[in-house]
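There are 2 protein chains.
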Amino acid sequence: MICTMKAAILAVGSELLGTERLDTNSLALAALLERFGVDLIVKSVIGDDEQAIADELTARLQQADLVLLTGGLGPTEDDRTRAATARALGRGLQVDEAWVEHIRKLFASFGRVMPEVNRRQAEVIDGAEMLENRRGSAPGQKLEHEGRHIFLFPGVPREMKGMMVDHLEPFLAAQSKSESAVERRTLKVACLPESEVEQRIKEVYTTYGRDAIAVLASPGDIRVQGSAKGTAEQRAEILDPMMADLRRAIGPAVYGEGEQQLEEVVGELLQAASMRVVTAESCTGGLIAERLTRTPGSSAWLEGGFVTYSYGLKTLLLGVKTETLETWGAVSEQVVVDMARGALSRCRSELAIAVSGIAGPGGATDEKPVGTVHFALAGPGEHEVEHRQVIFPGDREQVRRMTSQMALDMIRRKLLDLGAELSAGSAEETSP
Amino acid sequence: MICTMKAAILAVGSELLGTERLDTNSLALAALLERFGVDLIVKSVIGDDEQAIADELTARLQQADLVLLTGGLGPTEDDRTRAATARALGRGLQVDEAWVEHIRKLFASFGRVMPEVNRRQAEVIDGAEMLENRRGSAPGQKLEHEGRHIFLFPGVPREMKGMMVDHLEPFLAAQSKSESAVERRTLKVACLPESEVEQRIKEVYTTYGRDAIAVLASPGDIRVQGSAKGTAEQRAEILDPMMADLRRAIGPAVYGEGEQQLEEVVGELLQAASMRVVTAESCTGGLIAERLTRTPGSSAWLEGGFVTYSYGLKTLLLGVKTETLETWGAVSEQVVVDMARGALSRCRSELAIAVSGIAGPGGATDEKPVGTVHFALAGPGEHEVEHRQVIFPGDREQVRRMTSQMALDMIRRKLLDLGAELSAGSAEETSP
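Top line first, the protein sequences correspond to chains A and B.
As numbered in the working numbering, residues 19 to 450 make up the first sequence, in order.
As numbered in the working numbering, residues 19 to 450 make up the second sequence, in order.
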């Protein structure tokens, strides 16, 4: 990759060193940094200990041009980030009465009286710019120190994300106006092996150079990134054709850009087509429906779903015949096709997706190893059914995740095909 | 908390600095460390850069007695952890032909020829003990350096977890035989506010001291930890009565111990009672069924489920009357009770759980704010239905998660009550 500004993330909070919670804020920050071509070189999590936070910040300022701290800006004794930053930089910390008033008014607007302890949130590090928080009482702070930039953000994800957009994004946008800024754009690809993606984009590498393109793979979901350096115009001159070439080379497996999630894209396509889907799930146990309902407004595209874990329910709710189950087994083309047809005929939806598989660790046979999954997509016509069979690698969780990914992608492909049929004669390729 | 040995985790891998993946290995490691009373003071993620890994390790060896590195033990050029560790410690790195043979045999046992590149995995740091990996080709390494302990584990979670059990646990167990070892035990508590837990255990604090007990809260799920220092007998003498007192003080909201998940406990209770459950979900979109099917063998306790997102499906699949929906709205006691009854009467299950709520951000009214959720649990008798209404704080994701948590907890409470009825006259309190 082309080299650029270096960033470090430092998440503060003893709860993030426990056994249940991870620093998810860093994913949102990483996405924004990536968009502006900033290299995230390290991230760390540290407890609510003032000296430890100060030491960690000091070390990161040796390594990075930009250090982002999250958490520890609350009003309690445990909230040490302000004091630790002041200590690391050798600066003072003063309560700013104007900010106290600001926070007091914020509480008043909710009909509450500000507890005196919240005065701590108005402690400003000498030389810092205070950053407004539209979603909570903890303001952030922004500092420059020996040519490095430091941001303090609250740890609550909703507040952190709001402040990231309000304050970090404009800062990065201003930096990116420089002539040596790096810009990255991302394509998202569903259900292709990494090696297949590499194969398809071989010629694009030749045109633009290996350093300009990166392929980042996770199971069932691949990100293809193009980078360019220069002024905004110079970057666009490189990236516009590069991304178009990549998209063409990879084909319709590209489902989105940037941070788009597959379930969001499927929801949007369903809404655009005025179609609704119903799910019939066995091995995924509700995961496909759960993903389709993560996005607000999902009632527009999801009618509902069946989780038919038992033979009995497959028969009772979806009308799969007992002899079909007994002859072919629940993990078979015959059963999954009947599941999809049954779901479609029982609900007022245009499409039905059904899955049945062996997520493991138990349940495998010689003919059907762990990871064997059958998919059927029924509709929009009464007799249209598409079947697919795959053997996924990995453990129970991975098989379930990849199954949900492929199920969503089958819906997406179907909607693209239907769109292509409607606009037949259009020059754009939309089927595999 | 009582002070003890200090640990640092260092996860290696550029993919963990991206926008999609987090270092989840650290959660399993944190749980094991916690069990043996080791304080995890910091964790960090660093890319595949030899110098950067070496620098980070050097810094952590100044701070911690035990440093756990995960990732970067593969056979490719990107796998730098071995070389970086050798560099940080100023030691050599030699290919050990005996280990090459070992890895070659491993490949042979899968009917494959070892690629020559895998010789790199047999590079041993001078003075290191090699650690067998039962689940993959990358051996780990264990070192002592100036009184510090260092473990190198692979990054693949399945392999890391296996090696953690095989190699780190015995090491920690041996350490804990010392007279100054710290032991921690954990109770898990569902659906109580943190303040309520604190209130209930006030007297236990008085008996054992504030430092001996910690309350760690996440939404809908709380961990209460007791710690004790000394020999194994001394620790048991303190912890046995302390944990019993905590359990009694908190009451039946305690659902498990250690790392048990609520969905696992519910599955076990259902299995023990030979009962099965069916779900009828609206706002959670399948999340309750999905959680109940995460555990292998879940077909024993989950019959299946309905995701009835639309009015139409609530009527069609669950028999909720259109006039009930129109009079009371989908988020109401009347509708959720009919959903549960409908699910129960349509499936061969003993229990049915139904939820309907407003996950947000849209859909709220003056009377029903975002976070309003109705629950109904029907069964085991035909006419038994329990209803509950709650308003959860937080965003869409949090409301959905807390809703699934409370739904699972209602099933758990019901099973405890049924157990208590069966064994009526028993001295143990099992209902709230």
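Careful, some of the hints might be misleading.
Since the list gives no way to pick one copy over another, a pair counts as held whenever it fits inside one copy or between any two copies.
For lysine-lysine, the following BS3-like pairs were computed, each having C-alpha atoms within a straight-line distance of at most 30 Å [unchecked claim]:
#: 1; residue 1: LYS206; residue 2: LYS123
#: 2; residue 1: LYS220; residue 2: LYS386
#: 3; residue 1: LYS386; residue 2: LYS123
#: 4; residue 1: LYS206; residue 2: LYS220
#: 5; residue 1: LYS386; residue 2: LYS160
#: 6; residue 1: LYS220; residue 2: LYS123
#: 7; residue 1: LYS206; residue 2: LYS195
#: 8; residue 1: LYS179; residue 2: LYS386
#: 9; residue 1: LYS386; residue 2: LYS247
#: 10; residue 1: LYS24; residue 2: LYS123
#: 11; residue 1: LYS179; residue 2: LYS339
#: 12; residue 1: LYS220; residue 2: LYS339
#: 13; residue 1: LYS160; residue 2: LYS24
By construction, these hints were calculated from the structure, which means they are not laboratory data.
So, going through the hints one by one against the coordinates:
1. LYS206 x LYS123: neither (44 Å within a copy, 39 Å between copies)
2. LYS220 x LYS386: neither (35 Å within a copy, 55 Å between copies)
3. LYS386 x LYS123: between (65 Å within a copy, 27 Å between copies)
4. LYS206 x LYS220: within (17 Å within a copy, 52 Å between copies)
5. LYS386 x LYS160: neither (58 Å within a copy, 39 Å between copies)
6. LYS220 x LYS123: neither (59 Å within a copy, 35 Å between copies)
7. LYS206 x LYS195: Close inside one copy (26 Å), not across copies (51 Å); limit 30 Å.
8. LYS179 x LYS386: Answer is between; shortest inter-copy Cα gap is 27 Å, intra-copy 45 Å.
9. LYS386 x LYS247: neither (50 Å within a copy, 51 Å between copies)
10. LYS24 x LYS123: neither (38 Å within a copy, 43 Å between copies)
11. LYS179 x LYS339: Neither: 50 Å inside a chain and 42 Å across chains, both beyond 30 Å.
12. LYS220 x LYS339: So LYS220 and LYS339 fail the 30 Å test inside a copy (49 Å) and across (59 Å) alike.
13. LYS160 x LYS24: Within one copy only: 17 Å inside, 32 Å across.
Consistency with the previously given hints fails for numbers 1, 2, 5, 6, 9, 10, 11, 12, ordered from lowest to highest.
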